[in-house]
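Novice: Chains as they are written, first to last, in the UniProt record's numbering: chain A, 1 to 176; chain B, 1 to 737; chain C, 1 to 329.
Worth double-checking, as some hints may not be accurate.
Here are the computed distance ranges between Cβ atoms for each label pair [to be verified]:
| hint | chain 1 | residue 1 | chain 2 | residue 2 | range |
| --- | --- | --- | --- | --- | --- |
| 1 | A | A140 | C | S199 | 52 to 62 Å |
| 2 | A | A98 | B | E682 | 48 to 58 Å |
| 3 | B | A735 | C | E191 | 47 to 57 Å |
| 4 | B | G409 | A | G49 | 39 to 49 Å |
Some chain B residues judged to face chain A by a derived CB distance under 8 Å, without partners named [said to hold, decoys possible]:
| hint | residue |
| --- | --- |
| 5 | V19 |
| 6 | P38 |
| 7 | G71 |
| 8 | T116 |
| 9 | V149 |
| 10 | D150 |
| 11 | G153 |
| 12 | M154 |
| 13 | L188 |
| 14 | G235 |
| 15 | V644 |
| 16 | E682 |
Not close to chain A: a few residues of chain C, all C-beta gaps over 12 Å, as computed [unchecked claim]:
| hint | residue |
| --- | --- |
| 17 | D5 |
| 18 | P23 |
| 19 | S154 |
| 20 | E207 |
| 21 | T323 |
Just so you know, the hints here were simulated from the structure itself, not pulled from any lab data. All of these numbers come straight from a predicted model, not from anything done at the bench. Ideal Cβ placement from N, Cα and C applies to all residues, glycine included.
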Amino acid sequence: MTDVASRRDVDERPAITERVVTLTVNGRPHTLRLDTRVTLLDALRDRLGLVGTKKGCDQGACGACTVHLDGRRVLACLTLAAQAEGRAITTIEGVSGADGQHPVQQAFMEHDGFQCGFCTPGQIMSAVALMAEGRAGSDAEIREFMSGNLCRCGAYPNIVAAIREAASQGGHDAGL
Amino acid sequence: MSTVESRRRPLVGAGVNRVDGPRKVTGTAPYPMDFSVPGQAYGALVQSTIAAGRIVRMHTEAAERAPGVIGVLTHENAPRVGTGPVTVLGASPPAPLRNDRIVHHGQHIAFVVAETPEQAGAAARLVRADYEATEPLLDLQDPRAEHLVDPWGMDTSRGDTAAAMASAEVTLRATYTTADNTHNPLGLFATLAAWEGDTLTVHDTSQWPSMVRTSLAMAFGIPESSVRVLVPYVGGGFGAGLRAWPHVILTAMAARVLRRPVKLVLTRPQMFTSVGHRPSGVQWLRVGATRDGELLVLNHRSLISLSMEDNDYEPFASATAFAYRCPNVITQDRQARINIAVPTSMRAPAEAQGNFALESALDELAYTLGMDPVELRLRNHTDVDPRNGLPWSGKALLECYEVGARRFGWSRRNPRPRSMRDGNWLVGYGMASALFPYFAQPCAAQATVRGDGSALVRSAATDIGTGTYTVMAQLAAEELGLPLDMVRFDLGDSDMPNSMMAGGSGLTGALGNAVHDACRRLVRSFTELAWASPESPLRGVPPDDVQCTGGTIHPVGRPDLGESYVEILARHELSELTANGKSSPPVPEELGMSLAGAYGAKFVEVRVDADLGLLRVARVVSVIDGGRILNEKTARSQIIGGTVGGIGMTLFEDTVTDPHTGRIANATFGDYLVAVNADVPELDVVFVGEPDRGTATGTKGVGEVGLVGIAPAIANAVYHATGKRIRQLPITLDALL
Amino acid sequence: MRAFDYVRATDTREAVRLLAEDPAASCLAGGTTQLDLMKDGVLEPPRLIDITRLPLHGIERRGAALHVGALATMEELAADATVAARLPMVRESLLRGASVQLRNMATIGGNLLQRTRCRYFRDPTVPECNKRTPGSGCAAAQGAARMHAVLGASERCIALHASDLAVALVALDAVVHIQGPAEARTVPLTEFYLTADESPQRENVLEHAELITAVEIPLPSAAARSGYLKVRDRASYEFALASAAVLLVLEDGMIRQARVGLGGVGTKPWRAYESEHVLTGASATTATFREAADAALRDAWTVPGTAFKVPLARRTLVRELQTVSEVTA
């Protein structure tokens, strides 16, 4: 029996396919020479050292890599770095203002909206966007529109409480 | 909102925010995958595509020629390494790449190292294997499977179950099955290994750094002092981090062979086969009782799946031996070796499954008797451990029932199935009792107070989200009489004093007792220094008669006669003073008490769509006796988290194995369903009870008891809603159509 | 992922030309299917043509239809005022499909072309997959099937088309606008898809060098009521076990017009003409709805793991017919 995992004996392609990409992250441009395969997530983490954005599945199914692209929440793991060129990229590192943490971050701490903390940057990026989308009007709405961010520790009720509070304090006005 | 109803002894720092919160919400807490070292290369695993047989030949040429590839390890060229230690969880996993034998689908058969992660991943797909496949054993109940009988020596028998069964007025027998679950912490497991000569530094996703250090030392034949394992933050564990997995050894092996630091991040599909899973099982229960609900017989037997070459600690039936007062009890656990990846303790191991069977059976018995399920449990409550006749060190279970029934509104329940409805939704109430047995291992901690009066306390523990950083700092602050912001607790470094695993709900208690001991000894050292000084106000004060407040040591009740740590250090021209503390598990016979562990009562309301079979959890009330609660906020989070895990286990989680190939057929987050935010209602959590009498800190550990009891409470509520008794997890809508 | 050449197309004709030049090239739009499958090693195009900057983003009312640019995102379409007012079933199908993050990425054209979630298809180490390797067999039909199809399925392939939106759009007789190297053409969505029992390896009539440029959704009459019901294990963020898109025009308790799409059950987004025949001209009663649901599932082909989908899909359709008609008797 032969494994059919790979039907090719050799990869006949050129050694590496690269592209020079300029990414604007948290307001700062970065020019990188990247393998075209590099996702926005890996570019942020491995090339720019912005490891706050997490890799939980690399398959678009967990939300841990949520970042904002031109103000909208997207998954960095299913976005090629090259696709993000010319777009405004905001990561968890860009959420805190000069005057301290974003109200959502403060509310997450106050309500213990995390345990291991691994999904937390994605949850916070999602929550900040959720409020800008005007979807923090009720607990049911928050639950539905936060369901793309898995939390295996099960902090959901506290996440809902944190967002409820941040929204009630007009946290969406704080914006980004 | 949760409250702490019992305030007979004040709680330590109730509701303190996590000290690591600022790092976690800003993305600056470094998890194992976040570390990098200069010159590192990247690893990628190749896994077997058969479940049983042997490798005839590996084809690595294409991968070796692929761009950026530095090396490919297979069993044909890998150095032989030693096997790790036998621990409380059993033998270490067999060493990787040691022969041509394949025992499960997804077994690591090669390790590719390249300059970039993209190159490593692409090259790994170019590795081929020729196999000689044999028919795998994949069904737990396959008669050809080898059985391990009483693998942990925990089978029990008391009384005469056969005679009692024959004389019981009411009898019941039922079979329950539970699925494979996969831990799936959000953080992909990662290992970064770097050698300097014969010294190895490893960042690894682990719940037990000291064990990983020992395992790596044994693997490579080097002293433990030459290995350092670092894990300041863990992206969730739930048990998956309790072993030094083959991929950890492989990463260190590749780094040694290739003389490069190597970093490996598992893929999500690899998380299903590389870091354990909750084993599936079948349980057979026979119950005998009197007509007024007195339990006469519990006969609880299980068959649990196990891999071909590994151990797993998972005695499903064991807690039935002491859950209720019952004179005639048999508990027996068997394991069947089949061609699956290695199972490993997953949040509430054994209890998650065993309690589902027992508490479902009691609900069935309650219906047979026409008795309220709470009343049945009250009638069989025991305040002594039936195994040894010793009183429990703390058990507020009766209070759990009472408070839970009241908060939930249990009295509003019409016990008749299908009697409560809201439009298309059938409404059901169910309850279950829960326990998680006491567990502890030896722990050590070191406490230091520095010249500026701040304290640093350290132990090689981990904080997997349970709040270890926070509650240990709180404990130390209390013992040292310092404000919390003057105390730092450091962990996650195997060079620190040895700690037990973050597992078995044991760390908070065991480590807490070690921290307590270290701080007490440190205060004593300070007091003794002062005692000898003519100019100290503490001169002549017996070291046992002091207390600490505001950074000052003073005679009990006389803060005006105190002297600060800063003053004592300065007088003796010391930059700091350090003391070591330790703890070991108490011995019941010496205490005259049986160590109780945590208890709880769970009350659940479900909704089942009468036509579509949709099952939703509408309300959960959890009343927990966790002994002393060190931090009400983080403890509540533990119970909430356990509850969410329990909802997932009951409604969704099922690691599906292809019946022909043994391949996991749903190894992604799109296919293996865990609970999402919309699945979880507001959860009511209440702590009752008193500090446990068995240990100094009085904690019981609440990491697991939150999950236990959720499955049977939901299943019992489903019966109440629909009249359908589901004895199989997960309960999906196909069973309710 | 295998190495590939990345090219960014700036206009539609250039994109089509680039595609025509390279028979192995693929388009990249939202990436939510394409990159996922490339990571899995199922797709290995040597060249990716990024079409996300083509001017195909607009959503506009054109007479009695809504013209949706192929690159409009799911979130954009869900937020459109005309969709909210006239196409509730489209809006509901969008909001119940995927997470917000995915909906901000996934395009309407890409959604129609999304590939099956079948884990046997998505794992190239599984040798038997007629969709990946024609003639190799179907491991899913013999294996652990649940999230699989029962309509248009056979032992050759049971891969489910998991779109929610496309189910609503087939029910609405949406039309796909396609640009090829030589010419543009339109294809009714009901004729766009092929079933797996016909051709597991080919899922639609789109040729290699053709690009979807727009989807045209005819607006139903003002008298029409519609809705989309999605049934799944989780309360959110999951593909459908069964879903029903229903549009009805009722008059004095009689059904004047009926459109029915079924999701979660077909190897393509399923238009249930048999149900529509039963419903049209009949009185709106639960008995009629049940008959219509039976008709839709009459030709179901199941394996043990998917057998539950037949009663589930029937009940889902009956429930949504009841909900849309407000008839429960």
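Novice: None of the hints should be skipped; say for each whether it holds.
Specialist: So, going through the hints one by one against the coordinates:
no. : hint                        : in the structure
1   : A/A140 x C/S199: 52 to 62 Å : violated, 43 Å
2   : A/A98 x B/E682: 48 to 58 Å  : violated, 36 Å
3   : B/A735 x C/E191: 47 to 57 Å : violated, 39 Å
4   : B/G409 x A/G49: 39 to 49 Å  : violated, 53 Å
5   : V19                         : violated, 10 Å
6   : P38                         : violated, 13 Å
7   : G71                         : violated, 17 Å
8   : T116                        : holds, 6 Å
9   : V149                        : violated, 35 Å
10  : D150                        : violated, 33 Å
11  : G153                        : violated, 33 Å
12  : M154                        : violated, 29 Å
13  : L188                        : holds, 6 Å
14  : G235                        : holds, 3 Å
15  : V644                        : holds, 3 Å
16  : E682                        : holds, 6 Å
17  : D5                          : violated, 5 Å
18  : P23                         : holds, 16 Å
19  : S154                        : holds, 23 Å
20  : E207                        : holds, 25 Å
21  : T323                        : holds, 19 Å
Violated hints, listed in ascending order, are 1, 2, 3, 4, 5, 6, 7, 9, 10, 11, 12, 17; each of the other numbered hints is respected by the structure.
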